[in-house]
Each structure stands twice: as C-alpha cells, then as structure tokens.
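Protein chains in written order, with my numbering: chain X, 17 to 166; chain U, 17 to 166.
For the record, the hints were derived by calculation from the structure and aren't laboratory data.
No residue lacks a Cβ here, since even glycine has one placed at the ideal position from N, Cα and C.
Hints may be right or wrong, so weigh each one.
Pulled from the structure, derived: some chain X residues nowhere near chain U, Cβ distances all over 10 angstroms [what the hints assert, rightly or not]: (1) 34; (2) 73; (3) 111; (4) 121; (5) 123; (6) 128; (7) 130; (8) 154.
For the chain U half of the interface with chain X, some residues (derived, Cβ under 10 angstroms), not all of them [stated by the list, open to error]: (9) 27; (10) 28; (11) 35; (12) 36; (13) 71; (14) 77; (15) 111; (16) 149.
Letter by letter, the chains look like this.
There are 2 protein chains.
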Amino acid sequence: MSESPETRLQAALAREIPLSRAIGITVASWDGRTVRLAAPLAPNVNHQDTAFGGSLSAAATLAGWSALWLLLDAHGMQHQVVIQDASIEYRHPVTADFTVECALPEVSTVERFLTTLRERDRARLGLVATVGSPGRELVRFQGRYVALRP
Amino acid sequence: MSESPETRLQAALAREIPLSRAIGITVASWDGRTVRLAAPLAPNVNHQDTAFGGSLSAAATLAGWSALWLLLDAHGMQHQVVIQDASIEYRHPVTADFTVECALPEVSTVERFLTTLRERDRARLGLVATVGSPGRELVRFQGRYVALRP
Numbered sequence: 017m018s019e020s021p022e023t024r025l026q027a028a029l030a031r032e033i034p035l036s037r038a039i040g041i042t043v044a045s046w047d048g049r050t051v052r053l054a055a056p057l058a059p060n061v062n063h064q065d066t067a068f069g070g071s072l073s074a075a076a077t078l079a080g081w082s083a084l085w086l087l088l089d090a091h092g093m094q095h096q097v098v099i100q101d102a103s104i105e106y107r108h109p110v111t112a113d114f115t116v117e118c119a120l121p122e123v124s125t126v127e128r129f130l131t132t133l134r135e136r137d138r139a140r141l142g143l144v145a146t147v148g149s150p151g152r153e154l155v156r157f158q159g160r161y162v163a164l165r166p
Numbered sequence: 017m018s019e020s021p022e023t024r025l026q027a028a029l030a031r032e033i034p035l036s037r038a039i040g041i042t043v044a045s046w047d048g049r050t051v052r053l054a055a056p057l058a059p060n061v062n063h064q065d066t067a068f069g070g071s072l073s074a075a076a077t078l079a080g081w082s083a084l085w086l087l088l089d090a091h092g093m094q095h096q097v098v099i100q101d102a103s104i105e106y107r108h109p110v111t112a113d114f115t116v117e118c119a120l121p122e123v124s125t126v127e128r129f130l131t132t133l134r135e136r137d138r139a140r141l142g143l144v145a146t147v148g149s150p151g152r153e154l155v156r157f158q159g160r161y162v163a164l165r166p
C-alpha cells in the first residue's frame with residue numbers, strides 16, 4: 017500500500033478492464049477530488065482523423081469509474097463499481113491526444129453516498145466527465161454509477 | 017462493387033475506426049433495415065466477467081453508425097457520419113459474447129432524412145441500438161447521428 021492511488025488505479029484498470037489498454041488510457045492525475053485520464057488519439061481515431069465517439073464514450077465511462085474507485089480506495093472500501101446509465105454530448109471534434117476529467121460532486125453528496133453505502137452495502141452516485149477545458153467543453157458525459165458489495 | 021454491403025461495411029469499419037478491431041466487431045447481418053454486429057466478450061470484459069459498459073457503449077455507437085453507413089451505401093451516397101449525442105441504459109449484465117442490433121426507423125422518417133440530406137447536404141437521424149432479445153433488452157442505446165458532405 018506504499019504505492020500512490022494513481023499507480024494502484026492504473027494497475028486496476030489494466031487488470032480489470034482490458035479495453036483501457038486498447039484505448040491507451042493512462043492515469044494522469046488525482047488530487048483527492050478530480051481524476052484525469054489521458055489517451056492518445058491514434059488508437060481512437062475515426063474516418064475524419066478526430067476521436068471516434070465510441071472511444072470518447074468508453075474513456076468517459078472509465079473516468080467516472082476511476083473517480084469512484086479512487087473515492088472508495090481512499091476510504092479503504094472494497095466495493096465493486098458498475099455503471100447504470102449515461103448520456104453524452106459530442107459538442108466539438110477532438111482532434112488530438114486528449115484527457116478526460118471527472119470531479120467528485122460536492123462534499124455533502126459524497127458523504128451521503130458513503131453513509132448509504134456503509135448502511136446498505138449499495139449506493140448510487142451521479143458523475144460528470146468532460147473532455148476539453150472549462151470554457152470550451154468538447155465532450156460532456158453524465159453517468160450514474162452503483163457501488164455494491166461483491 | 018460486387019462485394020456484399022456487409023463485406024464493404026466490415027472493410028470500412030476496420031479501415032476507418034481502429035477501435036472496432038480492438039473490440040473484435042464483426043458484421044453479422046444486414047437485411048436492408050436491421051444491422052447486427054457481433055463482439056466477443058474477452059476483449060470487452062470487466063472486473064465482474066461481464067461486458068464493460070464502455071465497450072457496450074462503443075459497440076452500440078458503431079451499430080448506429082453502421083446502420084446509417086449501410087443506408088447511405090444502398091443509395092450510393094458518400095456522406096460522412098458522425099454522432100451528436102447519445103444515451104444508454106445498462107439494464108442487465110452481458111455475460112457472454114454478444115450482438116448489438118440497430119434497425120432503421122420507419123420508412124417515412126428515413127425518406128424525410130434522405131430528402132433533407134439531398135437538399136441540404138446535412139441531415140440528422142435518431143437511431144436505437146440494443147443488446148439482448150426483444151423481450152429482454154440487456155442494453156438500450158439511443159443516438160442522434162448527423163450525415164454530412166465531407
């Protein structure tokens with residue numbers, strides 16, 4: 017457990033979700049609230065030399081999964097994380113290597129989620145992931161995830 | 017042009033969207049209205065030995081893209097297809113190799129789409145893709161696609 021959370025997450029992604037390797041995902045940063053995943057354009061490109069929507073959707077799904085994994089890891093909790101539903105808007109083309117960012121919601125929401133999870137071994141959390149910068153979101157993803165006792 | 021539409025689509029997917037190879041997509045069938053893509057579980061598995069949501073989302077995105085590609089191909093039209101937005105519900109786990117199916121909407125909607133595309137070189141079509149059987153949908157995806165002159 018002397019490894020950083022980023023290193024543990026990277027290992028978990030590679031081990032548990034092979035697609036993360038196929039799309040070249042690496043864990044760029046985690047500050048306790050926001051996780052950033054990086055991906056190269058090459059394996060994710062489409063016929064227009066921009067990122068394929070399905071790759072962006074997969075990367076965003078992984079960003080939400082990662083934020084929740086890191087939250088549970090920080091609390092020493094071992095629950096599984098699955099996605100329940102999601103929506104995604106492709107606002108502008110992604111024309112280069114990209115990062116996808118997911119921030120945990122406000123503290124009170126996170127606390128309520130953790131309390132429910134401790135009491136019922138199952139809780140749901142909505143997360144937003146984005147590609148681009150705050151002033152210019154290229155892709156906006158919203159997903160609802162469920163953490164549950166394996 | 018003596019090849020079947022399925023063969024041409026398979027070549028287009030492999031050439032234009034490398035992710036389709038990474039997730040092992042093959043074109044299973046096309047009857048002029050419904051396309052079925054097949055994918056193995058192995059490259060798309062998650063930590064629970066079911067299909068990862070991001071893989072299912074990518075496969076469904078490809079199914080919609082394929083239905084529209086085949087429609088345009090059947091009409092000898094050369095437009096590009098991009099996705100604008102999508103939503104997806106993960107209703108039940110996908111526990112084995114899977115197919116994802118996308119049917120074109122009713123004829124009047126398709127005709128309106130083609131007329132707009134001929135007149136304006138740009139038109140939008142909503143498509144639904146599903147994994148599972150009619151009585152038991154495992155995954156339901158709705159996407160809005162845009163066809164446009166390159």
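> Honestly, which of those hints from before does the structure not fit?
Replying inline: The structure breaks hints 1, 2, 9, 15 and 16; every other hint is satisfied.
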